[in-house]
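Let's have the full structure, built from the sequences with the hints guiding it.
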Amino acid sequence: MIGRHDGRYVTGVLVACAFLPLLRPQEYVLTFLYNLFSYAAMASAWNILGGLAGYLSFGHVAFFGCGAYVTGLMLVRWGWSPLATAPLGGLAAAMLALVAGYPTLRLRGPYFTVVTVVMVLAVKIVVLNVPWTGAAMGLWMPFPPWDPFVSRVIFYEAVLVILLATLLGVRWVLHSKFGFGLRTIREDEDAAAAIGVPAFRLKLGALLLSAFVCGMVGAVHGHDRSYLHPDFMFDLHPSIMIVLMALFGGRDHWLGPLIGAVAVMIADELLTVYVGTEAARMLFGLLLIVVIVFLPAGVISLRVRRQPKPVPAGRGLMMP
Amino acid sequence: MLLEVVQAVVTGLLVGFTFAVLAVGFSLIWGTTGVVNIAHPAFAVLAAFLALLASRRWGIDPIATLVGLVPLFFALGVVLHEALIKVAAKRTRELGLASMIFTFGLASFMENGMAYVWGPGPRVLNTAYTGTAAQVLGVSVPLPHLYGALLGVATIGVLYGFLYHTFPGKAVRAVWQQRDGAALCGIPLHRVTALAYGLSIASAAVAGVAMGLIYSFYPAGYMVWLINVFLIVIVGGVGSLLGAAAAGLLVGLVSSLSVLVIPFVWTNLALFALLILVLLIRPSGLLKR
Amino acid sequence: MNRTGISTVPVPHSGERPSQSVPALGATPRAAGCATPPALAITGVSKAFGGLQALSNVSFRVEPGEIVGLIGPNGSGKTTLFNIISGLLRPDAGSVRLGATELTRLAPHEVARVGIGRTFQIVRPFQGLSVLDNVAAAILYGTGQQDVRAARRQAHEILAFVGLAHQQALPATQLTLSQKKRLEVAKALGTNPRVLLLDEVFAGLHPRELDEAIALVFRLREQFSLSILLVEHVMRAVMQTCQRIVVLSYGQKIAEGTPREIASHPQVLQVYLGVDTHAHGH
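Chains A, B and C are the protein sequences, given in the same order.
So the first sequence is numbered by the numbering used here: it starts at 1 and just counts up by one.
So the second sequence is numbered by the numbering used here: it starts at 1001 and just counts up by one.
So the third sequence is numbered by the numbering used here: it starts at 2001 and just counts up by one.
Because the hints were derived from the structure by calculation, they are not lab data.
Treat each hint with caution, since some may be false.
[Claimed, not checked] If you anchor each label on the Cβ, the simulated ranges turn out as follows:
| hint | chain 1 | residue 1 | chain 2 | residue 2 | range |
| --- | --- | --- | --- | --- | --- |
| 1 | A | Gly276 | B | Leu1277 | 37 to 45 Å |
| 2 | B | Ala1270 | A | Leu270 | 40 to 48 Å |
| 3 | C | Pro2259 | B | Tyr1164 | 48 to 56 Å |
| 4 | A | Gln26 | B | Trp1058 | 48 to 56 Å |
| 5 | B | Gly1131 | A | Leu98 | 44 to 52 Å |
| 6 | B | Gln1178 | C | Pro2073 | 29 to 37 Å |
| 7 | B | Leu1277 | C | Pro2259 | 38 to 46 Å |
| 8 | B | Val1006 | A | Tyr102 | 23 to 31 Å |
| 9 | B | Gly1121 | A | Tyr28 | 26 to 34 Å |
[Said to hold, decoys possible] Listing some non-contacts, in silico: residues in chain A with all C-beta distances to chain C over 10 Å:
| hint | residue |
| --- | --- |
| 10 | Trp78 |
| 11 | Tyr102 |
| 12 | Phe180 |
| 13 | Ile195 |
[Stated by the list, open to error] Calculated from the model, a selection of chain A residues having no Cβ within reach of chain C, i.e. all distances over 10 Å:
| hint | residue |
| --- | --- |
| 14 | Gly12 |
| 15 | Trp146 |
| 16 | Val150 |
For each residue, glycine too, the CB sits at the ideal point set by N, CA and C.
Here you go:
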């Protein structure tokens, strides 16, 4: 195993990050870390359903957007701060997940994945065409009531807290009976049912949990931006990033998605600055391919030499 | 009112044929190797862009560019096959999962590549006959739609002829229906599936040009085409060429007729809802083979 | 509690049973304090797939502690019947009862929790998990066990019983076929079953492995107070292990009796060998 110490080390570093603002670092650093923590939290939560249970969702950005819009609307209508209502945003996202997941979690493999994409596009269309979300004009929210630097710090701390809580939660799941069940679903859902695993219930639970986290992150980001529009709140690219981070980092370890997030974010920054956004995204497309072919268990598997290389495809799969 | 309905039916059928070509290619790969090629519509979009490029460069009709595009895309299909089946299949246990991510990554790569080269904005394949229509019995038949549909029909016809009347084609169908059985009969699986991939991507090129004549296309748009194709393949089942074709027509009709009833912006949503509905009721497809 | 001594509530036990009350290996039946394990009663089961009648009106029982064999030529409906018993398929008609619990209305995972353990003809281990975790998962979800560590300890005991203790840390993919079959059985055992459905466990084994497997089946029955229903083609195994044999052909039960009776049953011979016993004066 990756040592227990590594986990404590990383947690320690993260907690230390909470004190970083005291050093008055450059805004750029705080913003980078803010995005990193956000992605890491969402990727870690996503991993419960995607990595552990093997149900690849490319639609988690819908929960992010949902949380942002719901808390944003509450701010606009009733003046409630999204920082306080973030859990409500998470709950709204979880409800969306329930509605979307109940019919679709019965589907397997590609059917499920495509439906998750459909869900994002569908939600986007709805939000674009319904007047009370601001529709195509977007939703203007009041600015946060603090000065810019303080705002940045507050949002930074908020996502850091979410990340730490998520990491703790994910770590618990991974070692729990719940995590066991999810992994059997990934390996062989029918054989899992034969030993008593209530697959649907577990999948739904995983979906709701991951949606909740994404919703909360969305709430914070919404407040930060102060302007919401379906085009960037329901953009597939963050969903792709989340998947990439979780798979790249390693899906069987609670630190995996975090490591993946760090690697991908750094790569993204470098690429966007030096080569341009599209090139960065192109590379991520390629990276997805490389990762899934050469490192299906993620980068973390390089350190965790628990299991030997996967046995090549056997009966029923592609044999030339 | 009746005229509007007839008009919608005609347009729907014409559009349906172009959908059908895309769906047929998609199901070729799915049927023979169990791979869901998310990048399939991305290839179609790429073909549209290349057709645009070529037709501007040399002043020819986009349809004519297919002469070069079809062989090129056939080759691309074979390359995809080698990469996916040879490399990926050997290294992973879970090909279903792996191939989905693989093709998603490929699609993303292609989408952004196209955006990099041509920008993210929408384009149309402009031709001498864009915007013109023939009047048949009071029904307006837009020429781009007509030609796109004809392309679709021709391609499906060629594929049908190939799959049902040539030996290699029958080998492809054999693998499509019963992989292990086909292998037992001495059919060289690897070569046959490579052929299937080549045909699939080549037909994607045709679909791309056909759809580019009718619709605007843009790099990120492959995703919506994917949903449509997925819907078609789910409705028609992955089992046969004709099933996919028929379902393509059906979806074209539904999409066209729904505009009469609901505002345009909700059309896609209606299609999505239809997709989910079908998936829930009959994941294996509405139409029996 | 009813006559047969088990609770008729077919719902999962989660939360009802603290870890200590999960029965130790081979000890007491499900309901503490009651002595009679339930019988498996299959009554009038029929199932058709489109135009093909896979099963027609099949009825028989597996009494507590019995080892019953289910044989028949290929396509006679044996696996279909297994799938119906374990909840993967719903019959068109008929009932399957474990004691007083009707199984046909339960989802597969509920059937597993009520007391039916099954192996698959083509072994399906959880490949990415270790051998130990394969069985631990079964214990966690097949019984009321909540504690992962305890489940792993119990899994170890089961593995020791089937002879896989040395391999427990290996990923399941690395086992040999015979070991994988034993793992299948271990997983089924993990769910603390009352009735064990063995689907062609003896296939593909060489003679020595076969002897070991037969011995294991007997030990299973003794140690865990199980009834066993096995589908099998390997006749030697069937004849040696089963007290009773049920014979299916084209979805119908054509014979039921002791091994000796079945071996000379004219219709069975007819179906397997195409022998017309009357014509040859038997």
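Against the structure, the hints come out as follows:
Distance hint for Gly276(A) and Leu1277(B): a CB-CB separation of about 41 Å, consistent with the stated range 37 to 45 Å. Taken as a hint, the range 40 to 48 Å holds for the pair Ala1270(B) and Leu270(A), whose Cβ atoms sit roughly 43 Å apart. A beta carbon spacing of about 53 Å between Pro2259(C) and Tyr1164(B) agrees with the range 48 to 56 Å that was offered as a hint. Taking the beta carbon of each, Gln26(A) and Trp1058(B) are about 52 Å apart, inside 48 to 56 Å as hinted.
Under the hint 44 to 52 Å, the C-beta atoms of Gly1131(B) and Leu98(A), about 47 Å apart, fit the expected range. Checked against the hint of 29 to 37 Å, the C-beta distance between Gln1178(B) and Pro2073(C) comes to roughly 22 Å, which is inconsistent with it. Separation of Leu1277(B) from Pro2259(C) is about 54 Å and departs from the stated range, judged on CB atoms against 38 to 46 Å. Look at Val1006(B) against Tyr102(A): about 40 Å separates their beta carbons, and that is not inside 23 to 31 Å.
One distance hint, 26 to 34 Å for the beta-carbon pair Gly1121(B) and Tyr28(A), holds here, with the actual separation near 30 Å. Even its closest Cβ contact with chain C, about 40 Å, leaves Trp78(A) beyond 10 Å, as expected for a residue assigned away from the interface. Here Tyr102(A) stays apart from chain C, with its beta-carbon at least about 16 Å from theirs, past the 10 Å limit. Distance to chain C contradicts Phe180(A) as a non-interface residue, since its nearest Cβ pair spans about 5 Å, not more than 10 Å.
A Cβ of chain C approaches the Cβ of Ile195(A) within 10 Å, the least distance being about 4 Å, so the stated non-interface status is violated. Every Cβ of chain C is farther than 10 Å from the Cβ of Gly12(A); the closest lies at roughly 26 Å, confirming the non-interface assignment. Every C-beta of chain C lies more than 10 Å from that of Trp146(A), the closest at about 45 Å, which supports listing it as non-interface. At the 10 Å boundary, the C-beta of Val150(A) stays outside the reach of chain C, the nearest C-beta of that chain being 44 Å off.
Consistency note: the structure conflicts with the earlier hints numbered 6, 7, 8, 12 and 13.
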